[in-house]
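> Based on the sequences and whatever the hints tell you, model everything.
Protein chains: 2
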Amino acid sequence: MAPIIPMTFLAGASGRWRITRIAQHTGPSLPPAARLEVHPGHDRAAAAAAWALRGSTGHQRYVEQAEKRQLVAVQAGLERKEATCAALIPIRKSAAWWELAQDERRKIFEEVSRHTAASMKYLPAIARRLYHSRELGEPFDFLTWFEFAPEHAALFEELVGLLRATEEWTYVEREVDLRLTLEPEPAAP
Amino acid sequence: MAPIIPMTFLAGASGRWRITRIAQHTGPSLPPAARLEVHPGHDRAAAAAAWALRGSTGHQRYVEQAEKRQLVAVQAGLERKEATCAALIPIRKSAAWWELAQDERRKIFEEVSRHTAASMKYLPAIARRLYHSRELGEPFDFLTWFEFAPEHAALFEELVGLLRATEEWTYVEREVDLRLTLEPEPAAP
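Same order as they appear, the protein sequences are chains C and F.
Numbering of the first sequence is given in our numbering, commencing with residue 1 and proceeding in unit increments.
Numbering of the second sequence is given in our numbering, commencing with residue 1 and proceeding in unit increments.
Quick caveat, the hints were computed from the structure, so don't treat them as lab data.
Careful, some of the hints might be misleading.
Straight line, CA to CA, 30 Å or less: simulated BS3-like cross-link-like pairs of lysine-lysine [stated by the list, open to error]: (1) F:Lys68 with C:Lys107; (2) F:Lys107 with C:Lys121; (3) C:Lys121 with C:Lys107; (4) C:Lys68 with F:Lys68; (5) F:Lys68 with F:Lys81; (6) C:Lys107 with F:Lys121; (7) C:Lys81 with C:Lys68; (8) F:Lys68 with F:Lys107; (9) F:Lys81 with C:Lys68; (10) F:Lys107 with C:Lys107; (11) C:Lys81 with C:Lys121; (12) F:Lys81 with F:Lys121.
Set out below in structure tokens:
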């Protein structure tokens, strides 16, 4: 397994990703910004022109052995050349979610909502990485990052729609949906 | 459930807790220091005279519904007047542990090692709080904090010995064991 990767999502006037849309989904949105830089480490958060969100990769909290084998066999990595579309979906779950015991959360996550099983058909077209933010004292619990080729944009909408319809999502109390395009910054005039 | 509590353990010349012992258990120890302050938040880490360790409380990763009910019924809170002894045991687990799936970790943690079940008989005499550090980029994965009255010191040794003999502990690759006494600082001369 990869070691912990700390990451900061810096929104402002510069960055490799052009922000094409910031949609408020549940709860308050994020301020508008033109571009996003995905910056390794947590030290640069103060440098954000518009806003910054920090997260760290971590171990998988719910995935069991058999599911893990399936995921490893089928999932794609980030930064594929053709994957010029991305989505950043910061999520916060409710206190009621975090008060549940592990077996209750697992049951809602997988046995009822089939989070991993149902997502499997969208791999490897959609590559994703989950950053944990809750214990960093951030406004969101998770930053979910997705990368895909333009021809898989409709497939991605289907995946997002499917997850939002699950029982798990009834515990989401804040969700913002950012869409991005990998685009070199215009040369300085 | 309490919200996330960020905490910094600051070691140096001052602090409410007098450090009576720093014992290296597995892997490198921590530098010696006379006193420890337990400071809410993560901002003060740079102010440490000797060293600082940061962690945040979080949700319980393994405890199931029935165990949680038992724990809630029997556990004691921190800062009881009689609990003038404390232990800070920072722990790092191996990459092999973090590579395991959730069901494998749960099995080792509880079905084999009986972490929660076996600890139950030490409650409420020993109060404890777990801080998560791994995703903060800290040198340890967990900071475990215990408080007890002097007459329960032998009971605490028994608990620590019991945990260290479990299969779960074969995944611990670094462990330091600090013992502390709540003691007002001597008045300035």
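> Compare the structure with each hint and give your call.
Taking the hints in turn, this is what the structure says about them:
Between lysine 68 of chain F and lysine 107 of chain C the CA atoms are separated by roughly 16 Å; this keeps the pair inside 30 Å, and the hint holds. With a C-alpha separation of about 29 Å, the suggested pairing of lysine 107 of chain F with lysine 121 of chain C holds against the 30 Å cut-off. Between lysine 121 of chain C and lysine 107 of chain C the alpha-carbon distance is near 21 Å, which keeps this suggested pair within the 30 Å criterion. Of the pairs offered as hints, the one joining lysine 68 of chain C and lysine 68 of chain F holds, with about 27 Å between alpha carbons and a cut-off of 30 Å not exceeded.
For the suggested pair lysine 68 of chain F and lysine 81 of chain F, the alpha carbons sit about 25 Å apart, so the restraint of at most 30 Å is met. A C-alpha spacing of about 29 Å is found between lysine 107 of chain C and lysine 121 of chain F, which places the hinted pair at or below 30 Å, so the restraint holds. Restraint check for lysine 81 of chain C and lysine 68 of chain C: satisfied, since their Cα atoms lie roughly 26 Å apart, inside the 30 Å limit. Proposed proximity of lysine 68 of chain F and lysine 107 of chain F is supported: the alpha carbons are some 17 Å apart, at most 30 Å.
A hinted pair counts as satisfied when its Cα atoms are at most 30 Å apart, and lysine 81 of chain F with lysine 68 of chain C does not qualify at roughly 47 Å. Restraint check: the Cα-Cα separation between lysine 107 of chain F and lysine 107 of chain C comes to about 17 Å, which is no more than 30 Å; the hinted pair holds. This hinted pair checks out: lysine 81 of chain C and lysine 121 of chain C have alpha carbons roughly 21 Å apart, not beyond 30 Å. Note on lysine 81 of chain F and lysine 121 of chain F: the hinted pairing holds, with a Cα-Cα distance of about 21 Å set against a maximum of 30 Å.
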